[in-house]
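> Here is how the chains run, residue by residue.
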Amino acid sequence: MELICPAGTPASLEAAVEAGADAVYCGFRDETNARNFPGLNFSREELKKGIAFAHRHGVKVLVAINTFARAGSFGLWQAAIDAAAAAGADALILADLATLDYAARRHPAQRLHVSVQAGAANPDAIRFYAESFGARRVVLPRVLNVMEIASIARESACETEVFVFGGLCVMEEGRCSLSSYATGQSPNMNGVCSPASHVAYAERDGRITSTLGGFTINSFGKGEPAGYPTLCKGRFASPKSSGYLFEEPVSLDAAVMLPALREAGVTALKIEGRQRGRAYIAGVVRSFRGILAALDEGRQVQTPGLAAMAEGQASTVGAYRKGWR
Amino acid sequence: MQLTLGPVLYHWQPERWRDFYFRIADEAPVDTVVVGEAVCSKRTPFKQDHIPAVVERLEAAGKRVLHASLILVSLPRERRQTRELMQAAEAEVEINDLTCLASLGERAFSVGPFVNVYNEAAAGFLAGRGASRICLPPELPLPAVTSIAAALPRVTIEVFAFGRLPLAISARCYHARAHKLSKDNCRFVCEQDPDGMPVATLDGAGFLSINGVQTLSHGCASLLGDIPALREAGVAALRLSPQDCDMVAVAGLFREVADGRLDAEEAECRLGAIYPDVPLANGFLHAVPGHQHVRKSV
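Note that the protein sequences, when read in sequence, are chains P and C.
All residue numbers for the first sequence refer to the working numbering, where the first residue is 1 and numbers rise by one.
All residue numbers for the second sequence refer to the working numbering, where the first residue is 326 and numbers rise by one.
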């Protein structure tokens, strides 16, 4: 299985390559990619240099242009596709029908991957992308269990790639506008979720309260670490129960699922975190490289504690294990 | 301006669901009615028996009927349901996921608000595949709506004009989770909340609403004050999404405002009596946070 690693900066790209990535994914410094955070991402020139560096080390570079193009401004997305193709990207990661259609027509030789943001969750949807645009790989949404992934991999016209570590969307990716309901900015339109620009912390009666767009997302007592207020991982109240109604502030760590994912026929494993620093990238990539090596040699798989790397400090195998639902 | 009644997103008792549509057929001034289960495949069997009678009644009343597909298709039974719906020759379908395009063949179809159509190129792609109507995602601001409608004069462009805003879909059932049940053994607890289960912030502010695997807004969309701007933008239809209130009266208000017989402000006052205690929202259209209610015209 290939190991696909994030890079938010040229320094992270180099760290990922040196730590043993098979491929690195990154995006341009604008709203065309779904990690459009301040101080992150690549200029055209940085991408060219990054691709040259990676290729010298036998590592591929996949370019994520995976937001949905803003109506009336499709030129920005077309230019990003053209630039990534010209820079020698090994694949483009796309989500929008508009960008997939454009890339397939304009750059027929370019390898296309269907982004997780497209939410292709079954073999029929995947067949649609393969037949319509010649897509070669699909990144599966984090809503499937391993048996379902195995059945997709068996039946699918495309290679499959799954997330194994990092942020965990509990809603189907590409179909969530919770963030823009509270803040006006969403993954699909702006490439951000629960943006820091709309986050505030306040102290009241000895408790720290976090808000997003003015809505209280969580409240912490003395000594409790005040986590980042990602909307779907907040504490709320309903008539039936209160607390983490959607999901706790956990992130994904599917290291223990690697044997099952290999058995399922998955082509590539993806690590989330283009917004994270190079120490995270190097540490996580090296750990997963080690697990994969053990798997290949038939050794007992040790899953080193990556907990300190996880956002929120707690982790889950998410939907991969039946029962999460 | 046409009016479309979207599918009931909640799990209503089968007889109540049937009678709701009977009354819509007899009394509501809507042009198009979307029927079927879009949210949870476990609920489909409850409606199935009543669909023929509902469709017959609606069609006899002169309504155009569309059959909604599921929003999230991952299980084998969901793929099967979707394929069967796409291949049912008599049904005109509204697709809510691109899975449908794999089995639709050459037939014309409508596109529901759960398909990501954010720009004129995506809309054009779907029109090229046979889409004759597109209900745009609720998140889109007016300039985007305008660009898409202008690029596709032959496609009926619709916007989400009334009802709690559908914000997210998941494989996990949050109704079951709140009741400490698993999704597979959910006991259909979602039927206890015919208007969704309210989700408030810890300081008691209304925020969201849970409907099984779907999450909606607490606020209710109302584009009553935006109808002139929408018409100007080329929008040809308004979608009213059923809530647990008098939807015949809601449709009547939208009809009167669209026809220039009732002032929008007065209509929103009356809406507050028909669907009380729920704040109105139109922020998405105005490119501000979706929960906000902007009174000035766009």
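Since the hints were made in silico from the structure, they are not lab data.
Just so it is clear, CB atoms sit at the ideal spot from N, CA and C, and this is done for glycine as well.
A hint or two may mislead.
Okay, derived cross-link-like pairs now, DSSO-like style, lysine-lysine, Cα gap no bigger than 27 Å in a straight line [to be verified]:
no. : chain 1 : residue 1 : chain 2 : residue 2
1   : C       : Lys-508   : P       : Lys-240
2   : C       : Lys-388   : C       : Lys-505
3   : C       : Lys-367   : P       : Lys-240
Here are a few chain P residues that sit away from chain C, every Cβ distance over 12 Å (derived from the structure) [said to hold, decoys possible]:
no. : residue
4   : Ala-98
5   : Asp-101
6   : Val-143
7   : Glu-148
8   : Thr-267
9   : Leu-292
> Now tell me, hint by hint, if it's right for this structure.
Hint check:
About 16 Å separates the Cα atoms of C/Lys-508 and P/Lys-240, which keeps this hinted pair within 27 Å; it holds. The suggested pairing of C/Lys-388 with C/Lys-505 is violated, with an alpha-carbon distance near 42 Å, which exceeds 27 Å. Distance hint between C/Lys-367 and P/Lys-240 is fulfilled; the C-alpha atoms sit about 22 Å from each other, no more than 27 Å. Non-interface call for P/Ala-98 relative to chain C: violated, since the shortest CB-CB distance, roughly 3 Å, does not exceed 12 Å.
Not every beta carbon of chain C lies more than 12 Å from that of P/Asp-101, the smallest distance being close to 5 Å; the non-interface claim is violated. Its closest Cβ contact with chain C, about 4 Å, brings P/Val-143 to no more than 12 Å, contrary to its assignment away from the interface. With a minimum CB-CB distance of about 6 Å to chain C, P/Glu-148 fails to clear the 12 Å threshold, and the non-interface call is violated. Taking the minimum C-beta to C-beta distance to chain C, about 19 Å, the non-interface status of P/Thr-267 holds against the 12 Å cut.
At roughly 27 Å, the least C-beta separation between P/Leu-292 and chain C is larger than 12 Å, which holds for a residue marked as non-interface.
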